[in-house]
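Chains as they are written, first to last, in full-length UniProt numbering: chain A, 1 to 188; chain B, 1 to 473.
Just so you know, the hints here were simulated from the structure itself, not pulled from any lab data. It is possible that some hints are incorrect.
Claimed, not checked - No more than 30 Å apart at the CA atoms, straight line, and that leaves these computed lysine-lysine pairs for DSS-like:
#1 B:K191 with A:K80
#2 B:K128 with A:K127
#3 B:K98 with A:K40
#4 B:K191 with A:K2
#5 B:K44 with B:K128
Stated by the list, open to error - Only part of the chain A face toward chain B is listed, based on derived beta-carbon distances under 10 Å:
#6 N7
#7 E10
#8 T18
#9 P25
#10 P41
#11 P44
#12 D46
#13 I77
#14 I134
Ideal Cβ placement from N, Cα and C applies to all residues, glycine included.
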Amino acid sequence: MKHRLSNIREILAVIVVTGIITVVPYIYFQLQEGHLLGMKPEIPVDTVEIQKSNAEQLNLEQRRDMIRTGEADVERISLKTGNAYSLYEARKQCYRELCKIPALKMDIDGPVQREIDISPQLLVNAKVPSYSMIIWSGSLEIKDIPYKIVLDEDSGKLLSIQIADENIKEYEKLQEVFEKELEEYFYQ
Amino acid sequence: MKLSWKIFRNTILLVFFALSLGGTIMISMTLKHSISSEIMQEKKEIQSMQRDMAVLMANDSRTLYLEESKVLELVIETLNENWRAEGRQFRIRDKEGKILAYSGNNPFVDMESPGENKLKYTIYQEQKLYYMQMTLAVKFTNDTVILDKCTNITSIFSLRNTQLRFFFIIMLSVGILCAVLNFLNMLWISKTLYQLQDTVVKMQQGDLKARVHSNSDDEIGVLAESFNNMADRLEKDILELKEEARRQEEFVGSFAHEIRTPLTSIIGYADLLRRKQLEETAYFTATNYIFTEGKRLEGLSVKLLDLLVVKSAVRDYTVLSIRKLLEDSIGTMQSLLDEKEITVVRELDELNVRADEQLMKTVLINLMDNARKAVDIAGRIRIEAKAEGKKVRITVSDNGRGIPTEEIPKIQEAFYRVDKSRSRKEGGVGLGLAICANIMKLHGGEIQFESGLAKGTKVTLLWEGAVNEAQAK
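Next up, chain A with everything else stripped away, as it sits in the complex (with noise of 0.2 Å):
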């Protein structure tokens, strides 16, 4: 009987050791979660100072290679209109350098310019926030090819040209072609 006893309280023992083991995790979470939503630490972080100067300027060769590259630290911001251009102006430029690329034969083919579909945008590197720049980039149809266009604001120069469906015929014949004239656009 007195074995029993001991036996059956060494049992009890054993299941609330065991009970205390397996519960003090759950309350050390809690009590870890108490902690972590009850804090509110302050951290250092490097604030952003934009001071635009002309040293700071990209030239017209940068601007470009920002289009080409598509770098992943530059980023884009949507803007309502630009700072040189309404949208009607912008199309209106975008129009008259289009003429300018002989292999488009916008003035044979090419659509009205209210059919010139672009919207400003900001682009801002994000290693360097001096060197940003307004771009208008849209895209249009020109005898059933649609196009990628760019623009640049200030220079109010082409950037980029680019069939948008690479599946329609002679795609890479016709992209050489446009790549071509537009290099030499470029340094006129």
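Once you have looked at the hints, place chain B on chain A.
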């Protein structure tokens, strides 16, 4: 409580404790790491938002002709649309707490503006969902706005809860599995221990032959072997004690018998003398019996005294010539030997021995006397003495009637006589060989018997008593 149960109990507790501690540390570290990663990610995000604001302000040409606050409002309006499109959860306030832009959805908490070049963050719970909010002050030339960025981090805490559930199930399963395996292992290991326990109980109940059968060479196996050795030794000692007790009992019985026999004769003849007037011949016979039996009693007491003296004798070892020792002993016995015309053949090496002269003489005289009693008229006794390394070997052999082989182990017991009537007739009391055996034991030696019926008897004395010449000088 059984040992195996104790092991089971301790294992389960130990495994639970170890798993609980390890699991808690691991889950806690995972949570901290996830939160740290989230803080870093959010810090980058809010810095990116701050940068967007700053760049947009710097690039906006309206700053040339509009107030900064007006331009800021327009910039915020632009960013509000951009950030909403990107799915960011944010809130922009001015210093007074007026909300300038709000993404909606996530709840925000009000936090004070952090210090310069610092951001503040907090983690909070809203309707069972966890959020992290970061607050950063964005300064312009004249204005300062407070940017709040909020992220739902419920997944981190959900992961923690899932890990906890898994951890609990694993802890329970592994703990029980380990404990059961260890319990079985313990049963196997402690098999010898249980055998040992059973054996102890059997021995406690008087089974001195019970032993543990173990092939194990671990500590428990060694313990079992030691226990078996101890049991062997104990059994031997107990048997010896029993044998000693039996001998003591027999000794007392024999002693009583040896005393009663002559006393009966003495009392009987004395009573006869007291009650009757006997004739001269009968009178002589009666008094002769009384005298003879009295002498026997005296002899018995002398021998008993010898036995007691020998047991507690103070040894006086000296270096003796073996030849002289034997010749002196033969000389003492010579008249008795002559009575039976016994021839003594000597074959003695010239050697010196270390022994107690008187005690060793007693041994030799006893042996020669026994030989004398054993041989018939014109019998022969052969005495040899030689050294075997450090040992001395003296052999006394006769061509007498011999001793039955089965009697040999008992002949050194006190009062034991092979042929009781004949021995008594010869005047023996059965103590001679017991005395000899004790003397040899005192010399660290032994006494050996070789005999058989009608084959004569050969008694050998053997002890480490040989002395070389240098030692003798």
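Here is what the structure says about each hint:
1. B:K191 with A:K80: violated, 88 Å
2. B:K128 with A:K127: Answer violated: B:K128 to A:K127 is near 38 Å, above 30 Å.
3. B:K98 with A:K40: holds, 22 Å
4. B:K191 with A:K2: holds, 27 Å
5. B:K44 with B:K128: holds, 26 Å
6. N7: Holds - the Cβ of A:N7 comes within 10 Å of chain B, reaching about 6 Å at its closest.
7. E10: With Cβ-Cβ at 6 Å, under 10 Å, it holds.
8. T18: Nearest chain B Cβ about 6 Å off; hint holds.
9. P25: Nearest chain B Cβ about 4 Å off; hint holds.
10. P41: holds, 7 Å
11. P44: Status holds, d = 6 Å.
12. D46: Given a least distance of 7 Å, the restraint on A:D46 holds.
13. I77: holds, 5 Å
14. I134: Result: holds, 6 Å to nearest chain B Cβ.
Comparing the model with each numbered hint stated earlier shows that hints 1 and 2 do not hold.
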